[in-house]
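J.: Sequence:
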Amino acid sequence: MDLFTAIDSRSSSIKLIAPGPSRPHLERIMLAGARAPDHGKLAPWRFVVLEGEARKILANAMADMLRADKPDATEAQLTAEREKPLRAPTIIAVAARLTRGHKVPEHEQVQAVAAAVQNMFLAAHALGYGAMWKTGVAARSSIVNRALELAADDEIVAFLYLGTNATPGPIRAASLDGKIRWLS
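Every letter in the sequence shown is one number past the one before it in the working numbering, and letter 153, counting from 1, is 153.
The hints are simulated quantities; they were obtained by calculation from the structure and are not laboratory data. Every residue, glycine too, gets a C-beta built ideally from N, C-alpha and C. Careful: at least some of the hints might be erroneous.
[Stated by the list, open to error] In silico lysine-lysine, DSBU-like type, Cα no more than 30 Å apart, as pairs:
| no. | residue 1 | residue 2 |
| --- | --- | --- |
| 1 | 179 | 134 |
| 2 | 70 | 15 |
| 3 | 15 | 134 |
| 4 | 103 | 41 |
| 5 | 15 | 56 |
| 6 | 134 | 70 |
| 7 | 56 | 70 |
| 8 | 56 | 134 |
| 9 | 70 | 103 |
| 10 | 84 | 70 |
| 11 | 134 | 84 |
| 12 | 134 | 41 |
| 13 | 84 | 15 |
[To be verified] Label pairs and their calculated CB-CB ranges:
| no. | residue 1 | residue 2 | range |
| --- | --- | --- | --- |
| 14 | 68 | 133 | 23 to 31 Å |
| 15 | 133 | 22 | 17 to 25 Å |
| 16 | 73 | 169 | 27 to 35 Å |
| 17 | 41 | 73 | 39 to 47 Å |
Using the sequences and the accompanying hints, generate a full structural model.
T.: Structure, rendered in structure tokens:
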């Protein structure tokens, strides 16, 4: 698939099923992420791959996070939280390992990781997989960071859910109408 076909046909999946990407495909997807623009050559991205039973690490951490935030959470709410990471056969947690006090501002380091996630999304699509970019409160949780063995101040930029597309999302029309002002 050429680049513009990948960009123009990409959509966020609605439902993913097994199989997820093979190990060589996962490595290719993450390598695409590592090719993102990176002012300062800091390589701030960190990847945590969760497959099979390992997804329960994230599932339990998300339930623990909810319980810590809402001590009166019902068992049904905790179960619903635990089920979220089980919606895809593979998840890559993509985090920014920030270099504090560097001449490259922290927000630019996070932006480099977001660019990495976009590359990964397009690579997964080009390899024939569906993808969803998820965040939510779990992306800002110290409980989740610890469970995924990330550094305490790593910032999760995405939970990239990957698998076989059971229900692809709609492809949005792109338009530049009213979005450009040409200066010359």
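J.: Now tell me if each hint is right for this structure.
T.: Hints and how they fare:
Taking the CA atoms of residue 179 and residue 134, the gap is about 26 Å. The hint holds against a cut of 30 Å. Between residue 70 and residue 15 the CA atoms are separated by roughly 28 Å; this keeps the pair inside 30 Å, and the hint holds. Our distance criterion of 30 Å between C-alpha atoms is met by residue 15 and residue 134, whose separation comes to about 13 Å. Using a Cα cut-off of 30 Å, the hinted pair residue 103 and residue 41 holds, with the two alpha carbons roughly 12 Å apart.
Taken as a hint, the residue 15 and residue 56 pair is honoured in the structure, with Cα atoms around 19 Å apart against an allowance of 30 Å. Pair hint residue 134 plus residue 70 holds up; C-alpha atoms about 21 Å apart against a cutoff of 30 Å. About 20 Å separates the Cα atoms of residue 56 and residue 70, which keeps this hinted pair within 30 Å; it holds. For the hint linking residue 56 to residue 134, the alpha-carbon distance of about 16 Å falls within 30 Å, and the restraint holds.
Distance hint between residue 70 and residue 103 is unfulfilled; the C-alpha atoms sit about 39 Å from each other, more than 30 Å. Proximity of residue 84 to residue 70 is assessed by CA-CA distance (about 17 Å); at most 30 Å being required, the pair is judged to hold. Taking the CA atoms of residue 134 and residue 84, the gap is near 10 Å; set against the 30 Å cutoff, the hint holds. This hinted pair checks out: residue 134 and residue 41 have alpha carbons roughly 26 Å apart, not beyond 30 Å.
Of the supplied pair hints, the one linking residue 84 and residue 15 holds, its CA atoms being roughly 12 Å apart against a limit of 30 Å. For the pair residue 68 and residue 133, the supplied restraint of 23 to 31 Å holds, since their beta-carbon distance comes to about 25 Å. Between residue 133 and residue 22 the Cβ separation comes to about 21 Å, which falls inside the hinted range of 17 to 25 Å. At about 30 Å, the beta-carbon gap between residue 73 and residue 169 stays in the expected band of 27 to 35 Å.
Between residue 41 and residue 73 the Cβ separation comes to about 43 Å, which falls inside the hinted range of 39 to 47 Å.
Hint check: a violation occurs at hint 9 only; the rest are consistent with the structure.
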